[in-house]
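*Asks:* Add chain U to chain P, keeping to what the hints say.
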Amino acid sequence: MIKDITIGQYIPADTPVHNLDPRSKIIITFVFITALFLVNTFFGYIYILAFMGIALGLSKISPKYLFRGLKPLVFIIVLTAILNIFMTEGEIIYKLWKLTITKEGLIQAAFMCIRLVFLITGASLLTLTTSPIALTDGIEKLLNPFKKIGVPAHELAMMMTIALRFIPTLLEETDKIMKAQMARGADFESGNMIARAKAMVPLLVPLFISAFRRADELAMAMEARCYRGGDKRTRMKQLKFEMRDIYASIITIAFGGLIIWSRF
Amino acid sequence: MTNMIKTESVKHEYTSHTGKSIMALNGIDISIEKGEFVAILGHNGSGKSTLAKHFNALLLPNSGTIMVKNIDTKNEEMLWEIRQIAGMVFQNPDNQIVATIVEEDVAFGPENLAVESKEIRKRVDEALKAVDMYEYRKHGPHLLSGGQKQRIAIAGIIAMKPECIILDEPTAMLDPSGRKEVIDTIMKLNQEEGITIVLITHYMDEAVNADRVYVMEDGMLVMDGTPKDVFSQVEKMKSLGLDVPQVTEICHELRKEGIKLPADILTVEEMVVELCRLK
Numbered sequence: 001m002i003k004d005i006t007i008g009q010y011i012p013a014d015t016p017v018h019n020l021d022p023r024s025k026i027i028i029t030f031v032f033i034t035a036l037f038l039v040n041t042f043f044g045y046i047y048i049l050a051f052m053g054i055a056l057g058l059s060k061i062s063p064k065y066l067f068r069g070l071k072p073l074v075f076i077i078v079l080t081a082i083l084n085i086f087m088t089e090g091e092i093i094y095k096l097w098k099l100t101i102t103k104e105g106l107i108q109a110a111f112m113c114i115r116l117v118f119l120i121t122g123a124s125l126l127t128l129t130t131s132p133i134a135l136t137d138g139i140e141k142l143l144n145p146f147k148k149i150g151v152p153a154h155e156l157a158m159m160m161t162i163a164l165r166f167i168p169t170l171l172e173e174t175d176k177i178m179k180a181q182m183a184r185g186a187d188f189e190s191g192n193m194i195a196r197a198k199a200m201v202p203l204l205v206p207l208f209i210s211a212f213r214r215a216d217e218l219a220m221a222m223e224a225r226c227y228r229g230g231d232k233r234t235r236m237k238q239l240k241f242e243m244r245d246i247y248a249s250i251i252t253i254a255f256g257g258l259i260i261w262s263r264f
Numbered sequence: 265m266t267n268m269i270k271t272e273s274v275k276h277e278y279t280s281h282t283g284k285s286i287m288a289l290n291g292i293d294i295s296i297e298k299g300e301f302v303a304i305l306g307h308n309g310s311g312k313s314t315l316a317k318h319f320n321a322l323l324l325p326n327s328g329t330i331m332v333k334n335i336d337t338k339n340e341e342m343l344w345e346i347r348q349i350a351g352m353v354f355q356n357p358d359n360q361i362v363a364t365i366v367e368e369d370v371a372f373g374p375e376n377l378a379v380e381s382k383e384i385r386k387r388v389d390e391a392l393k394a395v396d397m398y399e400y401r402k403h404g405p406h407l408l409s410g411g412q413k414q415r416i417a418i419a420g421i422i423a424m425k426p427e428c429i430i431l432d433e434p435t436a437m438l439d440p441s442g443r444k445e446v447i448d449t450i451m452k453l454n455q456e457e458g459i460t461i462v463l464i465t466h467y468m469d470e471a472v473n474a475d476r477v478y479v480m481e482d483g484m485l486v487m488d489g490t491p492k493d494v495f496s497q498v499e500k501m502k503s504l505g506l507d508v509p510q511v512t513e514i515c516h517e518l519r520k521e522g523i524k525l526p527a528d529i530l531t532v533e534e535m536v537v538e539l540c541r542l543k
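Going down the list, the sequences are from chains P and U.
Numbering of the first sequence is given in the numbering used here, commencing with residue 1 and proceeding in unit increments.
Numbering of the second sequence is given in the numbering used here, commencing with residue 265 and proceeding in unit increments.
These are computed hints drawn from the structure, not numbers from a lab.
There are no misleading hints in this set.
Below, simulated DSS-like cross-link-like pairs (lysine-lysine); rule was C-alpha separation at most 30 Å, straight line: (1) U:Lys425 / U:Lys444; (2) U:Lys492 / U:Lys444; (3) U:Lys382 / P:Lys232; (4) P:Lys232 / U:Lys402; (5) P:Lys232 / U:Lys386; (6) P:Lys237 / U:Lys402; (7) U:Lys393 / P:Lys232; (8) P:Lys147 / U:Lys382; (9) U:Lys270 / U:Lys452; (10) P:Lys232 / U:Lys425; (11) U:Lys402 / P:Lys60; (12) U:Lys317 / P:Lys232; (13) P:Lys237 / U:Lys382; (14) P:Lys141 / P:Lys240; (15) P:Lys232 / U:Lys338; (16) U:Lys444 / P:Lys176; (17) U:Lys386 / U:Lys402; (18) U:Lys402 / P:Lys176; (19) U:Lys382 / P:Lys141; (20) U:Lys382 / P:Lys240; (21) P:Lys237 / P:Lys60.
Here are a few chain U residues that face chain P, going by a calculated C-beta distance under 8 Å: (22) Asp358; (23) Asn359; (24) Val362; (25) Ala363; (26) Thr364; (27) Asn376; (28) Leu377; (29) Val379; (30) Ser381.
Cβ coordinates follow ideal geometry from the N, Cα and C atoms, glycine included.
For reference, chain P alone in the conformation it holds in the complex:
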């Protein structure tokens, strides 16, 4: 049950988008998000839609997956819409006691919701087409220049790798402890939120102890394998920019240009 939770929603495939260097993909996603915030007319969204469409088409990811990513965030989108509808001042269309709905509010709400949907789907497209390892590698490489000002690029990437590595292990362990406690009469499912949260405490204590023991053993195993930080390390797989990265950059620059032009 609990083991079936997948972390990272990567869908492996062999497409131009999947094969892009993770660094290009991260940068492109950043440009996309920045562009998204620069759009100030509904007309501007056409460019965003076109860009998303191209990326989605090339990645062969079914739009269904993209929209699945929206589900947990529906609450935030709805909240944004409500706040915008009621809080924007302007031409009053409908008045209900103290709440007023304005024409400007409706427009603003639609505008913000489209922005949020694009923001979320854009970010999911990155995680859907990039494996967690490639993503960590990309982040490490991109942060490398900032090492001089004290950003621990390698350490951050290592922490992410180890966290990803141990998520399934710890989930499995949680499942085991839960079952062991359920066998002795523990109840995790009934009661209100507070009662259920309280029932989790006896679960967390052994889990934490075991996590610390694992960390200790892992540190020893890493030391035994000559790990001494990132300075002198080499990598088996080296990231390489290729022609497709250049094409992708050209498209992205053109896209950014169009967005800025659309503002005037």
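*Replies:* Then chain U, alone, in the frame of chain P:
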């Protein structure tokens, strides 16, 4: 024959959480030769794991010296050389795998040694083939069985090109089939690649194939010799709280009943031959 690991009156003392000081190792003299397959036996708390951690400088002795290929483990400048020469496999397969993909994990050691990336690729493929896990190279480690995970851990060590592999109870958490996989892999590495093996275990059956067996008790070596020498002393092994291989035990019981069998039978095959010879 050259010495792979040589220790001289090694003592290691630590303070338990109750404040009592405990002698984990109390004067260990051992010398392991290149290419040897050595098994170290002992029950829980006998100090065998502590000794293993001294062999690649994860722990340093309070007194005495340990030489790994004639390098003193106290020499901090040579620390990484020592750990490259003497690789170590631990008990829990889950807690020694670092990466989320099998081949990335095998590459972890050579990456730390700053090996060139093409050479790492070659070593990783060779190491995975040596433990018979090549077709699993793209898998996530959490999807593998315990025996397979332990073989990946061994591959991770082989990729560092060690001359000696120390295995600290590598089979303690595995099921019988996983145990067999691991032991077969170790034997193959010893025989085909000539890698020195130090196997710490409390499964007697795994020690039968060793060239030499050491038995530890209270931080001291109390018995050593060939498996036949050691296991034929059934009463002494029992008094140390250890078992002997099943066949040896049956043989011991039969001898007590007056059946004339040699005392040093370790395997089923030997037993069959000897039983047929009776009458």
